[in-house]
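Chemist: In case you want the letters, here they are:
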Amino acid sequence: SQKIEQNSEALNIQEGKTATLTCNYTNYSPAYLQWYRQDPGRGPVFLLLIRENEKEKRKERLKVTFDTTLKQSLFHITASQPADSATYLCALDLFDRSWGKLQFGAGTQVVVTP
Amino acid sequence: GAVVSQHPSWVICKSGTSVKIECRSLDFQATTMFWYRQFPKQSLMLMATSNEGSKATYEQGVEKDKFLINHASLTLSTLTVTSAHPEDSSFYICSARDRTGSQETQYFGPGTRLLVL
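Chains A and B supply the protein sequences, listed in that same order. According to our numbering, the first sequence is numbered sequentially starting from 199. According to our numbering, the second sequence is numbered sequentially starting from 16.
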């Protein structure tokens, strides 16, 4: 089965700086990888999806890279704001006969201070 | 954007009782819904896949007789925790995939917090 690793330690960052989060997986490379944001006591909110043939994806201040050789995805929040404080999850599709069965990492908490 | 709701948002029950959680896709039809469970400080763990009009498929280690899933329509799936025990206390989250949308896209509900006393 797939093992997904995200930094368990909270990332404390000053407003305006770039936060970089890592997601490493151990086995087969998935067809795509997703990043979600989760606030305390809430369900995940989809942020970005990157496919195996894509190196980089951007959405506003967010950027995701996908390196299937390293089996790693990096998630960047540029010009971070206190409102970006949350836990960020990466997720891989297990593709067990059909799409959609996601395996999540434990998440990395980001704290942006003014 | 697509919206998924869950009801109730939180529930407290006595040990031994059954609790039903509803998951609804509000503005799209979902042939497939997924149920996850999240314990504090842990990741979401997939429990089961709910398919409209057919039986749910459960992940390894999840008791299908304890976690009953019904997907009676294209917009509603229910999860019933039967004979709940304190160890079932958790955050239950559903997600739904739009049948007309991308196969990779799914939308998550806000979650239901269950506390079994």
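Derived by calculation from the structure, the hints in this document are not laboratory data. Computed from a predicted model, the values in this text were never measured in an experiment. Don't be surprised by glycine CBs; every beta carbon is placed ideally from N, CA and C. Accuracy of the hints is not assured; some may be wrong.
Said to hold, decoys possible - With a Cα cut of at most 25 Å, we get these calculated DSS-like pairs of lysine-lysine:
(1) Lys-261/A with Lys-215/A
(2) Lys-215/A with Lys-299/A
(3) Lys-299/A with Lys-81/B
(4) Lys-299/A with Lys-261/A
(5) Lys-201/A with Lys-253/A
(6) Lys-35/B with Lys-81/B
(7) Lys-257/A with Lys-29/B
(8) Lys-35/B with Lys-255/A
(9) Lys-81/B with Lys-70/B
(10) Lys-79/B with Lys-257/A
(11) Lys-299/A with Lys-201/A
(12) Lys-29/B with Lys-299/A
(13) Lys-29/B with Lys-81/B
(14) Lys-70/B with Lys-29/B
(15) Lys-201/A with Lys-70/B
(16) Lys-255/A with Lys-201/A
(17) Lys-261/A with Lys-201/A
(18) Lys-215/A with Lys-255/A
Claimed, not checked - Rough simulated footprint, nothing fancy, chain A against chain B, three-plus residues with beta-carbon under 8 Å:
(19) 32 to 42
(20) 88 to 99
Chemist: Are the hints correct? Go through all of them and say.
Modeler: Hint-by-hint comparison with the structure:
1. Lys-261/A with Lys-215/A: It holds: about 14 Å lies between the C-alpha atoms, which stays within 25 Å.
2. Lys-215/A with Lys-299/A: It is violated: about 34 Å lies between the C-alpha atoms, which goes past 25 Å.
3. Lys-299/A with Lys-81/B: 21 Å, holds
4. Lys-299/A with Lys-261/A: Distance of about 24 Å is within 25 Å: holds.
5. Lys-201/A with Lys-253/A: Holds, because 21 Å separates the two Cα atoms, which is no more than 25 Å.
6. Lys-35/B with Lys-81/B: 12 Å, holds
7. Lys-257/A with Lys-29/B: Violated, at roughly 46 Å.
8. Lys-35/B with Lys-255/A: It is violated: about 39 Å lies between the C-alpha atoms, which goes past 25 Å.
9. Lys-81/B with Lys-70/B: 15 Å, holds
10. Lys-79/B with Lys-257/A: 40 Å, violated
11. Lys-299/A with Lys-201/A: Within the cut-off at roughly 15 Å; holds.
12. Lys-29/B with Lys-299/A: Violated - the C-alpha atoms of Lys-299/A and Lys-29/B are around 32 Å apart, more than 25 Å.
13. Lys-29/B with Lys-81/B: 16 Å, holds
14. Lys-70/B with Lys-29/B: Roughly 28 Å separates the two Cα atoms, so the pair is violated.
15. Lys-201/A with Lys-70/B: 28 Å, violated
16. Lys-255/A with Lys-201/A: 23 Å, holds
17. Lys-261/A with Lys-201/A: Cα-Cα ~23 Å, so holds.
18. Lys-215/A with Lys-255/A: Holds, at roughly 19 Å.
19. 32 to 42: It is violated, with 0 qualifying residues against the three required.
20. 88 to 99: Three-residue rule not met by the region 88 to 99 of chain B, so violated; n is 0.
Hints 2, 7, 8, 10, 12, 14, 15, 19, 20, counting from the list given before, are not met by this structure.
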